[in-house]
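Turn these sequences into a full structure, and let the hints steer you where they fit.
Residue numbers (the UniProt record's numbering), protein chains in the order written: chain A, 1 to 453; chain B, 1 to 102.
No false leads were mixed into what you were given.
Pairwise CB distance ranges, derived in the manner of DEER restraints:
#, chain 1, residue 1, chain 2, residue 2, range
1, B, D89, A, G334, 45 to 51 angstroms
2, A, R105, B, D89, 19 to 25 angstroms
3, B, T16, A, D252, 48 to 54 angstroms
4, A, R105, B, G90, 19 to 25 angstroms
5, A, A446, B, P19, 33 to 39 angstroms
6, A, L212, B, T16, 30 to 36 angstroms
7, B, D9, A, R242, 27 to 33 angstroms
8, B, T51, A, R242, 17 to 23 angstroms
9, B, G90, A, E89, 39 to 45 angstroms
Think of the hints as simulated: they come from the structure by calculation, not from any bench.
Beta carbons are placed, not taken as given, at the ideal position from N, Cα and C, and that holds for glycine.
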Amino acid sequence: MNVVIVGAGPAGLAAAEHALWAGAQVTVLDQAETPGGQYHRMLPDAYAAKRPERVQHGRAEFDRRRRVLAHPRCHWWPGSAVWAFDRAEKAVHILRGQSDGGGRRRLTLVPDALILATGAHDRTLPFPGWELPGVYTAGAAQALAKGERVAIGERVLVAGAGPFLLPVAESLLGVGAEVVGVLEANPFSTVRKGWSSRPWRLAAHAGKAGELARYATTLARHRIPYRLGRAVIEARGVDRVREVVTARVRADWSVVPGTERTYEVDAVCVGHGFVPQPELAVAAGCVLDDGFVRVDAAQRTTVDDVFAAGEITGIGGAVTAAAEGAVAGCVAAGGEPSPELIRARDRALAFADRLATAHPIGAAWRSWLSEDTIVCRCEETTYGELTRAAEDTVCPGPHALKLGTRAGLGPCQGRICGPTVSELRGGTERHHRPIVQPIRLGELAARTEGEPG
Amino acid sequence: MSGWLLPRDRDPVGRTDRPIRITVDGEPVTGIAGQSVAGMLLAAGWTSWRTTRSGAPRGVFCGIGACFDCLLTVNDVPDVRACRRPAADGDEIRTQSREENA
Chain A
1 MNVVIVGAGP AGLAAAEHAL WAGAQVTVLD QAETPGGQYH RMLPDAYAAK
51 RPERVQHGRA EFDRRRRVLA HPRCHWWPGS AVWAFDRAEK AVHILRGQSD
101 GGGRRRLTLV PDALILATGA HDRTLPFPGW ELPGVYTAGA AQALAKGERV
151 AIGERVLVAG AGPFLLPVAE SLLGVGAEVV GVLEANPFST VRKGWSSRPW
201 RLAAHAGKAG ELARYATTLA RHRIPYRLGR AVIEARGVDR VREVVTARVR
251 ADWSVVPGTE RTYEVDAVCV GHGFVPQPEL AVAAGCVLDD GFVRVDAAQR
301 TTVDDVFAAG EITGIGGAVT AAAEGAVAGC VAAGGEPSPE LIRARDRALA
351 FADRLATAHP IGAAWRSWLS EDTIVCRCEE TTYGELTRAA EDTVCPGPHA
401 LKLGTRAGLG PCQGRICGPT VSELRGGTER HHRPIVQPIR LGELAARTEG
451 EPG
Chain B
1 MSGWLLPRDR DPVGRTDRPI RITVDGEPVT GIAGQSVAGM LLAAGWTSWR
51 TTRSGAPRGV FCGIGACFDC LLTVNDVPDV RACRRPAADG DEIRTQSREE
101 NA
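This is the structure we're talking about:
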């Protein structure tokens, strides 16, 4: 069996480990130069860090996990952008070389089984001024702090929804930024209800309680307020953010008038959970449910010999992703997953449900928007333009909306605004990105340079 | 004030800094080997290096390659995501506008 795994984060590495145990030949591809994905983001090799474990969460586990890449039956291909999947030939098309570089090598692989572990990126809801430089996703702040030791600013506000905001604040403190506050939009009652029901089901995530306690201590030590039921509703500045406006919000995230507060900051990072990166699964013809790849109990997608694991099947964090990857790797390699492996995966999945219940997106967030608030960052399509186009009975449907307003037609191809535009018009997101990764026309026209050695 | 690179002597990870130098629109910018182009520019005080169709400034937003806000030109190759591209000593970076590449 020849198994190709796309993504070297927790899901992809666990998949590789278990596919190797089941006897397969494995190739692991990742766009990055180093394995780990976003969760186990590594410092650059050039930093020659003596104590990388000081910033890398779960370093011992990661060191153990990444050793699979050195297995004699494992091929590790960093710097590999998978840009297409040919359904007829079951071929995976890859460009290998410098990120977005001109001289990348074009290669194809035709595996017996394909495991997609492509992960997710931040969801950030729009608000007036969110397009200003100095407004970052929570993930950007984390990637720069943890991956490069760069602080995005001197005075930073962290806001949005979900437990991820806490490690982001910790990382910012770790690179010397002043964190003026951490704001969770959901009220205490929602968060408590989500996390405290059926606590025994959190057994798979025992480490999480300790982790939360550590964040709480860190915030307290630095006297950083952690407020629930409060959101960033506006960023202000001319060429870059200078101040942000926050407000108390109700359980549905509607603003409580008169509770606005202004903070002077030079950076703000905002994250409202995550959205999956399903482009390859879509290219392979996999069925999606609500944007996530549909999988069965063996992590099979709806397409033969294509498996999916991790955040593209549901947002559940690294433990869940690894548990899913383990099952996917085993089955893809023709093995039979042990009952323990299945149980571990099922227990981990309960965490994903809980996360969604404790940190939902309140439907009234759109009350933050004004007519001229930008929704599509690339094409600068405003909320007003979108509302008017959506109400136009002459040109109904998402296709007309896209052509009429240009939302989603810019460089990111709707990766950032897609879920928001769909939500605003009351539909489900449609994915049409036949080219999974950007590729230059010259690269597309070039003959395949040969099969990988 | 904006972004910066945590000084080596304050960084508990125990880095070894190897200085590198690039130019941005001809202006020299220094950083250390291993930094992304975006990280180097942020640490040098830049917050934006691209303009949109309307001329509005953009820099880093998502930091992991999803948003394409941080596009710039590296050694004459346009549309490189600054957050995904490790900087190399001597790189010649140019800021971009949408009109230029339309």
